[in-house]
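Counting along the sequence shown from 1, when you hit position 6 you're at 255 in the working numbering, and nothing is skipped either side.
FYI, nobody ran anything at the bench for these hints, they're computed from the structure.
Hints are not guaranteed to be accurate.
Derived Cβ-Cβ restraints for the label pairs, each shown as a range [said to hold, decoys possible]:
#1 338 / 307: 38 to 48 angstroms
#2 343 / 288: 56 to 66 angstroms
#3 289 / 262: 32 to 42 angstroms
#4 368 / 331: 46 to 56 angstroms
#5 333 / 363: 42 to 52 angstroms
#6 298 / 342: 52 to 62 angstroms
#7 262 / 336: 51 to 61 angstroms
#8 401 / 373: 36 to 46 angstroms
#9 261 / 333: 46 to 56 angstroms
#10 368 / 347: 27 to 37 angstroms
Lysine to aspartate or glutamate pairs mimicking EDC-like chemistry, simulated, CA-CA at most 20 angstroms apart [as the list claims (entries may be wrong)]:
#11 373 / 362
#12 349 / 359
#13 348 / 359
#14 342 / 352
#15 374 / 363
#16 355 / 367
#17 373 / 384
#18 378 / 367
#19 353 / 363
#20 375 / 387
#21 348 / 337
#22 371 / 381
#23 378 / 388
#24 341 / 352
#25 374 / 384
#26 403 / 392
#27 377 / 366
#28 344 / 334
#29 382 / 394
#30 341 / 351
#31 403 / 391
#32 273 / 263
#33 355 / 345
#34 382 / 392
#35 344 / 356
#36 389 / 401
#37 348 / 336
#38 377 / 367
#39 375 / 363
#40 355 / 366
These numbers were taken from a predicted model, which means no experiment stands behind them.
Glycine included, C-beta positions come from ideal geometry on N, C-alpha and C.
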Amino acid sequence: MILQAIDFIQVIADIVAAVLNFLKLFVNPMGLFMVNWMEYVLQFFPQNNLTVYIIIAIVIVILGFIVNVTWPGNKKPGFLAKVEEIDEKIEKKAKELDKKVEDKAKEIEEKVEEKVEEIDAKIKKKIKKAKEKAEAIEEKAEEIEDRVEELEEKA
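Using the sequences and the accompanying hints, generate a full structural model.
Below, the structure written as structure tokens:
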């Protein structure tokens, strides 16, 4: 039983070692970066003075608080939400203006159609009057021709 437990632990250790060897490619450069950055920072800050580190920690905490107040979790920051609200209002107003423009265009189109119909009716009336006058003139012309013929016969 103990041998089985040791074998099981050995298998788990082999799996963990394989995973760590795979992650070594990613973790090693990050660790080197952290070491280099800390060495660089320690050149400027004294190692025996904690006040500098306390001030840095306080600044980080305050910045974290400010970030969490302005951008809490999955919510969008307040200024982005306001921008979206303004965009929505602009889109609504644009749609309303488009509707108003369409309505005005329809009204103008209807008025133009009415005017066209009125003008067509006036033109038809004038054509009828002109035809009636032409017929009247033709009748008078026929009467005059008849008189001319009568006068020619008498003469």
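Evaluation of the provided hints:
no.: 1; hint: 338 / 307: 38 to 48 angstroms; result: holds, 41 angstroms
no.: 2; hint: 343 / 288: 56 to 66 angstroms; result: holds, 58 angstroms
no.: 3; hint: 289 / 262: 32 to 42 angstroms; result: holds, 37 angstroms
no.: 4; hint: 368 / 331: 46 to 56 angstroms; result: holds, 54 angstroms
no.: 5; hint: 333 / 363: 42 to 52 angstroms; result: holds, 45 angstroms
no.: 6; hint: 298 / 342: 52 to 62 angstroms; result: holds, 60 angstroms
no.: 7; hint: 262 / 336: 51 to 61 angstroms; result: holds, 57 angstroms
no.: 8; hint: 401 / 373: 36 to 46 angstroms; result: holds, 41 angstroms
no.: 9; hint: 261 / 333: 46 to 56 angstroms; result: holds, 50 angstroms
no.: 10; hint: 368 / 347: 27 to 37 angstroms; result: holds, 31 angstroms
no.: 11; hint: 373 / 362; result: holds, 16 angstroms
no.: 12; hint: 349 / 359; result: holds, 15 angstroms
no.: 13; hint: 348 / 359; result: holds, 16 angstroms
no.: 14; hint: 342 / 352; result: holds, 15 angstroms
no.: 15; hint: 374 / 363; result: holds, 16 angstroms
no.: 16; hint: 355 / 367; result: holds, 18 angstroms
no.: 17; hint: 373 / 384; result: holds, 16 angstroms
no.: 18; hint: 378 / 367; result: holds, 16 angstroms
no.: 19; hint: 353 / 363; result: holds, 15 angstroms
no.: 20; hint: 375 / 387; result: holds, 18 angstroms
no.: 21; hint: 348 / 337; result: holds, 16 angstroms
no.: 22; hint: 371 / 381; result: holds, 15 angstroms
no.: 23; hint: 378 / 388; result: holds, 15 angstroms
no.: 24; hint: 341 / 352; result: holds, 16 angstroms
no.: 25; hint: 374 / 384; result: holds, 15 angstroms
no.: 26; hint: 403 / 392; result: holds, 16 angstroms
no.: 27; hint: 377 / 366; result: holds, 16 angstroms
no.: 28; hint: 344 / 334; result: holds, 15 angstroms
no.: 29; hint: 382 / 394; result: holds, 18 angstroms
no.: 30; hint: 341 / 351; result: holds, 15 angstroms
no.: 31; hint: 403 / 391; result: holds, 18 angstroms
no.: 32; hint: 273 / 263; result: holds, 15 angstroms
no.: 33; hint: 355 / 345; result: holds, 15 angstroms
no.: 34; hint: 382 / 392; result: holds, 15 angstroms
no.: 35; hint: 344 / 356; result: holds, 18 angstroms
no.: 36; hint: 389 / 401; result: holds, 18 angstroms
no.: 37; hint: 348 / 336; result: holds, 18 angstroms
no.: 38; hint: 377 / 367; result: holds, 15 angstroms
no.: 39; hint: 375 / 363; result: holds, 18 angstroms
no.: 40; hint: 355 / 366; result: holds, 16 angstroms
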